[in-house]
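Full structure from sequences and hints, please.
Chains as they are written, first to last, in our numbering: chain E, 1 to 111; chain H, 112 to 224.
The hints are simulated quantities; they were obtained by calculation from the structure and are not laboratory data. Please note: incorrect hints may appear among the correct ones.
No farther apart than 20 Å at their CA atoms in a straight line, the calculated lysine to aspartate or glutamate pairs in the EDC-like style are these [as the list claims (entries may be wrong)]: (1) E:Lys-37 x H:Glu-183; (2) H:Lys-155 x E:Asp-24; (3) H:Lys-120 x E:Glu-42; (4) E:Lys-5 x H:Glu-170; (5) E:Lys-37 x E:Asp-59; (6) H:Lys-168 x E:Glu-42; (7) E:Lys-56 x H:Glu-212; (8) H:Lys-155 x E:Glu-42.
One-sided and incomplete, this derived list gives chain H residues near chain E with beta-carbon spacing under 7 Å [stated by the list, open to error]: (9) Phe-121; (10) Met-152; (11) Leu-154; (12) Gly-216.
Ideal placement from N, C-alpha and C gives every residue a C-beta, glycine not left out.
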Amino acid sequence: DQQVKQNSPSLSVQEGRISILNCDYTNSMFDYFLWYKKYPAEGPTFLISISSIKDKNEDGRFTVFLNKSAKHLSLHIVPSQPGDSAVYFCAASRVGNQFYFGTGTSLTVIP
Amino acid sequence: NAGVTQTPKFRILKIGQSMTLQCTQDMNHNYMYWYRQDPGMGLKLIYYSVGAGITDKGEVPNGYNVSRSTTEDFPLRLELAAPSQTSVYFCASSYPRGGNEQFFGPGTRLTVL
Numbered sequence: 001d002q003q004v005k006q007n008s009p010s011l012s013v014q015e016g017r018i019s020i021l022n023c024d025y026t027n028s029m030f031d032y033f034l035w036y037k038k039y040p041a042e043g044p045t046f047l048i049s050i051s052s053i054k055d056k057n058e059d060g061r062f063t064v065f066l067n068k069s070a071k072h073l074s075l076h077i078v079p080s081q082p083g084d085s086a087v088y089f090c091a092a093s094r095v096g097n098q099f100y101f102g103t104g105t106s107l108t109v110i111p
Numbered sequence: 112n113a114g115v116t117q118t119p120k121f122r123i124l125k126i127g128q129s130m131t132l133q134c135t136q137d138m139n140h141n142y143m144y145w146y147r148q149d150p151g152m153g154l155k156l157i158y159y160s161v162g163a164g165i166t167d168k169g170e171v172p173n174g175y176n177v178s179r180s181t182t183e184d185f186p187l188r189l190e191l192a193a194p195s196q197t198s199v200y201f202c203a204s205s206y207p208r209g210g211n212e213q214f215f216g217p218g219t220r221l222t223v224l
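So, in structure tokens, the structure goes:
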């Protein structure tokens, strides 16, 4: 049973435009959420996180939004750059418990 | 700091063979994890450890064993390799889990034929 879902396997965006990656979860007890970025032949690297007490967290070009009532989070990248082309995973957990990962969205930023 | 290192990078096994995937971290993290990633799927937790001498099962532990004799090392053992274990394996480490990011190694691509 997939507790964290990323329903878009891929996304293409023009350079300079906004990229929006979406993630849905089913467990209302999750209270911590992360986004990871993964390049081919490398391990995932941490990008940005948000706890359930917030609805937005920003770090440079990256912003994560959390809608607890909808059990939905999204990652916004503005402006998108070719180097952002990678697979993005969202992950969710209850503090003190294991993380559950989504299936990933492959982002391609077109120059 | 090297971070999290994994060896080997690639391996092909025959059905029934055994092998150990090595994982070492130099960040003095208490928590370590083993994940597998199948094509088109997310990462699934195999085993984790909260410190030396302590291990526990994750979502998909069948067919694997682990040990944690030191803070730095967390090897994953496959005793009787099966085609269903063909996957990319990632080791990760963190400070106390939940609420802290995990640092991942580069992965081991394993094929069982």
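*For the pair we were handed, E:Lys-5 and H:Glu-170, check the Cα-Cα distance against 20 Å.*
16 Å, holds
*Between E:Lys-37 and E:Asp-59, is the straight-line Cα distance small enough, at 20 Å or below?*
14 Å, holds
*Is the straight-line distance between the alpha-carbon of E:Lys-56 and that of H:Glu-212 20 Å or less?*
18 Å, holds
*Is the hint on H:Phe-121 kept, meaning its closest Cβ partner in chain E is under 7 Å away?*
10 Å, violated
*Does H:Lys-155 pair with E:Asp-24 here, judged by a C-alpha cut-off of 20 Å?*
17 Å, holds
_Agreement of H:Lys-120 and E:Glu-42 with the hint, judged by alpha carbon distance not exceeding 20 Å_ = 10 Å, holds
*asked:* Let's test the interface hint: is any C-beta of chain E closer than 7 Å to that of H:Gly-216?
replied: Holds, because the Cβ-Cβ distance from H:Gly-216 to chain E comes to roughly 5 Å (cut-off 7 Å).
_A closest beta-carbon separation below 7 Å is what the hint needs, so does H:Met-152 meet it against chain E?_
H:Met-152 check passes; min Cβ-Cβ to chain E is 6 Å, inside 7 Å.
*Given the hint that H:Lys-155 pairs with E:Glu-42, does the C-alpha gap stay at or below 20 Å?*
At roughly 17 Å apart (the allowed maximum being 20 Å), E:Glu-42 and H:Lys-155 satisfy the hint.
*Pairwise hint evaluation, E:Glu-42 against H:Lys-168, where the allowed Cα distance is 20 Å at most*: 25 Å, violated
*Please work out if E:Lys-37 and H:Glu-183 have their alpha carbons no farther apart than 20 Å.*
25 Å, violated
*asked:* Tell me if the interface restraint on H:Leu-154 is satisfied: Cβ within less than 7 Å of some Cβ in chain E.
replied: 4 Å, holds
Hint compliance for this structure: hints 1, 6, 9 are not met, and every other hint is.
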